[in-house]
Amino acid sequence: MIIAIASGKGGTGKTTLAVHLAARLAKFSDTTLVDLDVEAPDSDAYFPEAQRPYTSAAVSIRIAEAVDGEFADTSACASLCRFGAIVSIKGILRINAGLCKGCGRCLRACPKGSIRERPMVIGQIGETRWERLTLVRGSLAIGDIRATAVIDEAKKRAASRPFDFQIRDCPPGATCPTVRAAHGADICLLVAEPTDFSVHDLAGALRMLQGMGIARAIVLNKAGTGQADYQSLAMRYDAPVIAEIPWTESLAKAGAAGRRADGDADLAQAIDSIVSYLGALS
Amino acid sequence: MKTIALASGKGGAGKTSVAAALGAAFGLQGINADCDVDAANGAIALGARIMSSEDYWAGEGYAINASACSSCGACALACRFDAIARTASAYAIDEALCERCGACVDLCPSGAVLAHDKLGGALYVSKTRWDSTLVHAELVPGEDTSGKLVRAVRQRAEAIAAAANPPIEAIIIDAPPGIGCPVIASLSGVDLTVVVIEAGSSGVRDAARLFELLSGMKRAAIAVINKAGIDAYWDAQARGLAEAWNAPLIAVLPWDKRFRLSTERGEAWFHSPDVFVAGQARSLYSAVRSAAAL
Numbered sequence: 001m002i003i004a005i006a007s008g009k010g011g012t013g014k015t016t017l018a019v020h021l022a023a024r025l026a027k028f029s030d031t032t033l034v035d036l037d038v039e040a041p042d043s044d045a046y047f048p049e050a051q052r053p054y055t056s057a058a059v060s061i062r063i064a065e066a067v068d069g070e071f072a073d074t075s076a077c078a079s080l081c082r083f084g085a086i087v088s089i090k091g092i093l094r095i096n097a098g099l100c101k102g103c104g105r106c107l108r109a110c111p112k113g114s115i116r117e118r119p120m121v122i123g124q125i126g127e128t129r130w131e132r133l134t135l136v137r138g139s140l141a142i143g144d145i146r147a148t149a150v151i152d153e154a155k156k157r158a159a160s161r162p163f164d165f166q167i168r169d170c171p172p173g174a175t176c177p178t179v180r181a182a183h184g185a186d187i188c189l190l191v192a193e194p195t196d197f198s199v200h201d202l203a204g205a206l207r208m209l210q211g212m213g214i215a216r217a218i219v220l221n222k223a224g225t226g227q228a229d230y231q232s233l234a235m236r237y238d239a240p241v242i243a244e245i246p247w248t249e250s251l252a253k254a255g256a257a258g259r260r261a262d263g264d265a266d267l268a269q270a271i272d273s274i275v276s277y278l279g280a281l282s
Numbered sequence: 001m002k003t004i005a006l007a008s009g010k011g012g013a014g015k016t017s018v019a020a021a022l023g024a025a026f027g028l029q030g031i032n033a034d035c036d037v038d039a040a041n042g043a044i045a046l047g048a049r050i051m052s053s054e055d056y057w058a059g060e061g062y063a064i065n066a067s068a069c070s071s072c073g074a075c076a077l078a079c080r081f082d083a084i085a086r087t088a089s090a091y092a093i094d095e096a097l098c099e100r101c102g103a104c105v106d107l108c109p110s111g112a113v114l115a116h117d118k119l120g121g122a123l124y125v126s127k128t129r130w131d132s133t134l135v136h137a138e139l140v141p142g143e144d145t146s147g148k149l150v151r152a153v154r155q156r157a158e159a160i161a162a163a164a165n166p167p168i169e170a171i172i173i174d175a176p177p178g179i180g181c182p183v184i185a186s187l188s189g190v191d192l193t194v195v196v197i198e199a200g201s202s203g204v205r206d207a208a209r210l211f212e213l214l215s216g217m218k219r220a221a222i223a224v225i226n227k228a229g230i231d232a233y234w235d236a237q238a239r240g241l242a243e244a245w246n247a248p249l250i251a252v253l254p255w256d257k258r259f260r261l262s263t264e265r266g267e268a269w270f271h272s273p274d275v276f277v278a279g280q281a282r283s284l285y286s287a288v289r290s291a292a293a294l
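Residue numbers (this note's numbering), protein chains in the order written: chain A, 1 to 282; chain B, 1 to 294.
The shape of chain B in the complex, shown without the other chains (with noise of 0.2 Å):
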């Protein structure tokens, strides 16, 4: 079993879109892995009808309990993330500001900063439209450690994988944008990263650095071109970029309309009418197949 995981650097780039190709081709012998759980569109794009699902418990949170608090200022003089600030009656927390590292409750003289354990939100195993499974996960806004929900989601797939049969050939793993926390997380490990470049000046510059990222961490990249065909500078940068960090180039997809409509009818790509579009999926299928080497 391989786990092959999609990454752009940049948003919109059509790491989902094409995830989920990826995952209908596939079929029962693949499960996704929606690990952008900031903003999940795995089950839009999959139609998952939720099987189980479960609380995800985030870690400790921390609150300071007026009446217990003498006003001191051990806490706030304590907290290197200015998150604590004087009010009327007593010191207060700044939720937005707070990277939970508790250090407010062991210098509280007064014991008044209790810490609690936080719902950071809920982690599904679904259904797609064909059967096959969906690991995904909801954050709830505003809230912390995305990179742990990430870990969690990966594991549940690769323990549903552990067990399924007929054997699972891939996990599928939907990365977040970027190059940070949750999607070092989404990549560690991954037999195989394609990298989704959108054919534009943000979209080369986040994959150059995601590329750099991906060297740093020793995993094997290959690379998707997206919206091709709007500039042809832009066009060559994408595929300069690719050669330039050694990643195969499997396929060059052109800006087209046909995409975004078999994306909203919930086709997958895959399972579209659409002889084009169907196309694209079952070419770019098969090249991740002998890229993984399956």
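Same shape as in the complex, but just chain A (with noise of 0.2 Å):
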């Protein structure tokens, strides 16, 4: 089973859940968690008892790049980059690396031959192994936008590995990398507070999770901190609240330590409430 762990906001206890709900899982039965926070990646300070270092691989991909540095303008390649790569300076063309995904496109279209392609870094996937946790993290490299060919990677590496649940820390936000990374989830956990901000963003990522067909449950996180309703987009979204963790002032220490709190009372609570639904489901 495939449990992604997104919320719209940033900062909810994406995290936070994904460490604790992995920690149990491990326990009965083989579990990878995979940081697909790319731009963020911190569940693994978590998990002190890992191994470490992790074992680390580059992720490359292929990106276009001129025969000889540069190349006179034909017009067959420039106008076709949807990714403005391809810049033509007084009719010589140039190829930005840093923006190039690596599609092939200009590649084929050159009747010339005047297009190759290399290897570039743009990121790290990380992996390390306790006990019956598989732990995997991808990593963007600083100063790169291609997130969402890391989240690939980093799925890829997650699905190699044999798991009864693969749990996924997904990037905040609504768009592109948060989509990516929750496709091909089983089921979708959003991380919500009962603030104003946090049920405007939670919001957002129902309706993308609505248009991605993926079923979905609400784990409101810091209860006690405020009144905003998030029950109406519950049932507008068909997203029942599975589990409320309150805030303590003990889990805010053990959050800004990035320690797990796997005795804390209230949280076993909300994580076998978690486990008990997602059970009920498999």
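Heads up, some of the hints might be wrong.
Unchecked claim - Straight-line Cα separation of at most 25 Å, SDA-like style, residue types lysine to any residue; simulated pairs:
no.: 1; chain 1: B; residue 1: 118; chain 2: A; residue 2: 156
no.: 2; chain 1: B; residue 1: 2; chain 2: B; residue 2: 130
no.: 3; chain 1: B; residue 1: 257; chain 2: A; residue 2: 78
no.: 4; chain 1: B; residue 1: 2; chain 2: B; residue 2: 294
no.: 5; chain 1: B; residue 1: 2; chain 2: B; residue 2: 282
no.: 6; chain 1: B; residue 1: 148; chain 2: A; residue 2: 51
no.: 7; chain 1: A; residue 1: 156; chain 2: A; residue 2: 200
no.: 8; chain 1: B; residue 1: 118; chain 2: A; residue 2: 99
no.: 9; chain 1: A; residue 1: 253; chain 2: B; residue 2: 236
no.: 10; chain 1: A; residue 1: 27; chain 2: A; residue 2: 203
no.: 11; chain 1: B; residue 1: 257; chain 2: A; residue 2: 82
no.: 12; chain 1: B; residue 1: 257; chain 2: B; residue 2: 287
no.: 13; chain 1: A; residue 1: 27; chain 2: A; residue 2: 121
no.: 14; chain 1: B; residue 1: 148; chain 2: B; residue 2: 236
no.: 15; chain 1: B; residue 1: 257; chain 2: A; residue 2: 248
no.: 16; chain 1: B; residue 1: 257; chain 2: A; residue 2: 261
no.: 17; chain 1: B; residue 1: 127; chain 2: A; residue 2: 156
no.: 18; chain 1: B; residue 1: 118; chain 2: B; residue 2: 151
no.: 19; chain 1: A; residue 1: 253; chain 2: B; residue 2: 249
no.: 20; chain 1: B; residue 1: 218; chain 2: A; residue 2: 120
no.: 21; chain 1: A; residue 1: 112; chain 2: B; residue 2: 107
no.: 22; chain 1: B; residue 1: 218; chain 2: A; residue 2: 141
no.: 23; chain 1: B; residue 1: 127; chain 2: A; residue 2: 244
no.: 24; chain 1: B; residue 1: 148; chain 2: A; residue 2: 121
no.: 25; chain 1: B; residue 1: 257; chain 2: A; residue 2: 212
no.: 26; chain 1: A; residue 1: 90; chain 2: A; residue 2: 58
no.: 27; chain 1: B; residue 1: 118; chain 2: A; residue 2: 82
no.: 28; chain 1: A; residue 1: 112; chain 2: A; residue 2: 99
no.: 29; chain 1: B; residue 1: 218; chain 2: A; residue 2: 94
no.: 30; chain 1: B; residue 1: 218; chain 2: B; residue 2: 191
Unchecked claim - Below, a sample of chain B positions facing chain A; criterion: calculated Cβ distance under 8 Å:
no.: 31; residue: 102
no.: 32; residue: 110
no.: 33; residue: 117
no.: 34; residue: 119
no.: 35; residue: 123
As the list claims (entries may be wrong) - From the derived model, a few chain B residues whose C-beta atoms are all more than 12 Å from chain A:
no.: 36; residue: 17
no.: 37; residue: 140
no.: 38; residue: 155
no.: 39; residue: 160
no.: 40; residue: 167
Simulated from the structure, these hints should not be mistaken for laboratory data.
Beta carbons: idealized from backbone N, C-alpha and C, even for Gly.
With the hints as a guide, bring the two chains together.
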């Protein structure tokens, strides 16, 4: 079973939920936790027990380059590039390696063979294990914009490991990187706070999931810190509220320290509810 | 006029609240530009009344006309993103995987792949509770090209600033979390970035990546530590991070529910009757002014 964890708003507790759910499931089943928040991957900090260092492999894509560094504009390729990676300056074409997504469209269109491809590293995939838990982490190279390609690669790595449960820690937002991260999941758990900001962004995430046809449920985090109405959204988007995690000082301290709080009674109770909900689905 | 951005790496660090406080403090001499188009909360924080809106066109999307498709599979072979797969009757594009490169259009021998303009969202110009201008946007959930929409928001804010009388002193940009495409679009060319470091393990790690990005982009940064006082070790790490990147630390805001309550009441901190919250907003404002040489 593949469980995506998303939120819309950042900082609502996606990673907190992902690491505790993964730690719990790994007690009795083969579990993979894959960190797809490739711009801010933080889940590894919560598993100091896991073997260090992570094995690491570069993520590279094939990008276009001019055979001779630059070439004359014959209008065959520049107008085709949807990413603005090929610019014509005074009749001379240049390819911007940072913008090329490696689709190969220009290469196929060039009648003169002026374009070839070379690999470019855009991120890293890390992996380690701890008992029945496999940890996979995608990480985007700083300054790069191709997050979705790193997410794809981390998903492939995670899929190649046998699992009963795969937990995906997704990026915030409700657009391309989040869509890519959630794609293929059996269910997406949305972590929301009872605040106006969070509920507004929850609506966007629910619409995204509805459009993708992915089953969804809401986990309320930091319960008691606001009165915003998330229940109406839960009804409208067919997303049951399956657990509530209260805001407590001890959970806030654990969160700040980047430490798991497996023994916390409030959190354990919420994780129990989620596990039994998932169990009933499968 | 100066362009001042709020960024953090980690989500939920307090960017939107600080951006709203600065916008409220600049008053009619400031314009807020909410560039977190994935999760736009500036309108809630500042109480926007929408004055004008326009459609935002995201660029081309692609679809396969099943009745023209000969099921030859050339498109699926051309697609490097595994976004095209065979269905019962024809090939079809999975929008969630499509990168919108259009390679399939070129290679279809039957002309069955059609490009169409995609509505990506909407761009709004609004008045805040204090009658200053907020430029914001909403992406259609699941849509692409947020970097392009970020640029559209910034360009609109700049155009309004250029025509404003009295003159605008600052455009306040609320950047998205992360370090990727929409963040780079939000921070490119800004005069000053205020890095909001959440005082915790994830907050410090994510801010470290942001500082590295800013250094590569050669952008000046100052730091605000938020939600301090929960864990002394991470408070110190947050300070150390700002120091290591030579980012002057202009404020350390404690974790205190008075900030959240003020945000919920729509006061943008600066207009709070709570003297503590309003005082913090005032001192943030004056420190940002002086760092931006205003």
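Results of checking the hints against the structure:
{"no.": "1", "hint": "B:118 to A:156", "result": "violated (29 Å)"}
{"no.": "2", "hint": "B:2 to B:130", "result": "holds (20 Å)"}
{"no.": "3", "hint": "B:257 to A:78", "result": "violated (54 Å)"}
{"no.": "4", "hint": "B:2 to B:294", "result": "holds (8 Å)"}
{"no.": "5", "hint": "B:2 to B:282", "result": "holds (19 Å)"}
{"no.": "6", "hint": "B:148 to A:51", "result": "violated (41 Å)"}
{"no.": "7", "hint": "A:156 to A:200", "result": "violated (32 Å)"}
{"no.": "8", "hint": "B:118 to A:99", "result": "holds (21 Å)"}
{"no.": "9", "hint": "A:253 to B:236", "result": "holds (15 Å)"}
{"no.": "10", "hint": "A:27 to A:203", "result": "violated (34 Å)"}
{"no.": "11", "hint": "B:257 to A:82", "result": "violated (47 Å)"}
{"no.": "12", "hint": "B:257 to B:287", "result": "holds (23 Å)"}
{"no.": "13", "hint": "A:27 to A:121", "result": "violated (36 Å)"}
{"no.": "14", "hint": "B:148 to B:236", "result": "violated (37 Å)"}
{"no.": "15", "hint": "B:257 to A:248", "result": "holds (13 Å)"}
{"no.": "16", "hint": "B:257 to A:261", "result": "holds (23 Å)"}
{"no.": "17", "hint": "B:127 to A:156", "result": "violated (46 Å)"}
{"no.": "18", "hint": "B:118 to B:151", "result": "holds (17 Å)"}
{"no.": "19", "hint": "A:253 to B:249", "result": "holds (23 Å)"}
{"no.": "20", "hint": "B:218 to A:120", "result": "holds (23 Å)"}
{"no.": "21", "hint": "A:112 to B:107", "result": "holds (18 Å)"}
{"no.": "22", "hint": "B:218 to A:141", "result": "holds (17 Å)"}
{"no.": "23", "hint": "B:127 to A:244", "result": "violated (36 Å)"}
{"no.": "24", "hint": "B:148 to A:121", "result": "holds (24 Å)"}
{"no.": "25", "hint": "B:257 to A:212", "result": "violated (37 Å)"}
{"no.": "26", "hint": "A:90 to A:58", "result": "violated (36 Å)"}
{"no.": "27", "hint": "B:118 to A:82", "result": "holds (14 Å)"}
{"no.": "28", "hint": "A:112 to A:99", "result": "holds (23 Å)"}
{"no.": "29", "hint": "B:218 to A:94", "result": "holds (24 Å)"}
{"no.": "30", "hint": "B:218 to B:191", "result": "holds (10 Å)"}
{"no.": "31", "hint": "102", "result": "holds (6 Å)"}
{"no.": "32", "hint": "110", "result": "violated (17 Å)"}
{"no.": "33", "hint": "117", "result": "violated (13 Å)"}
{"no.": "34", "hint": "119", "result": "violated (13 Å)"}
{"no.": "35", "hint": "123", "result": "violated (15 Å)"}
{"no.": "36", "hint": "17", "result": "violated (9 Å)"}
{"no.": "37", "hint": "140", "result": "violated (8 Å)"}
{"no.": "38", "hint": "155", "result": "holds (16 Å)"}
{"no.": "39", "hint": "160", "result": "holds (24 Å)"}
{"no.": "40", "hint": "167", "result": "holds (31 Å)"}
When each numbered hint is compared with the structure, violations occur for hints 1, 3, 6, 7, 10, 11, 13, 14, 17, 23, 25, 26, 32, 33, 34, 35, 36 and 37.
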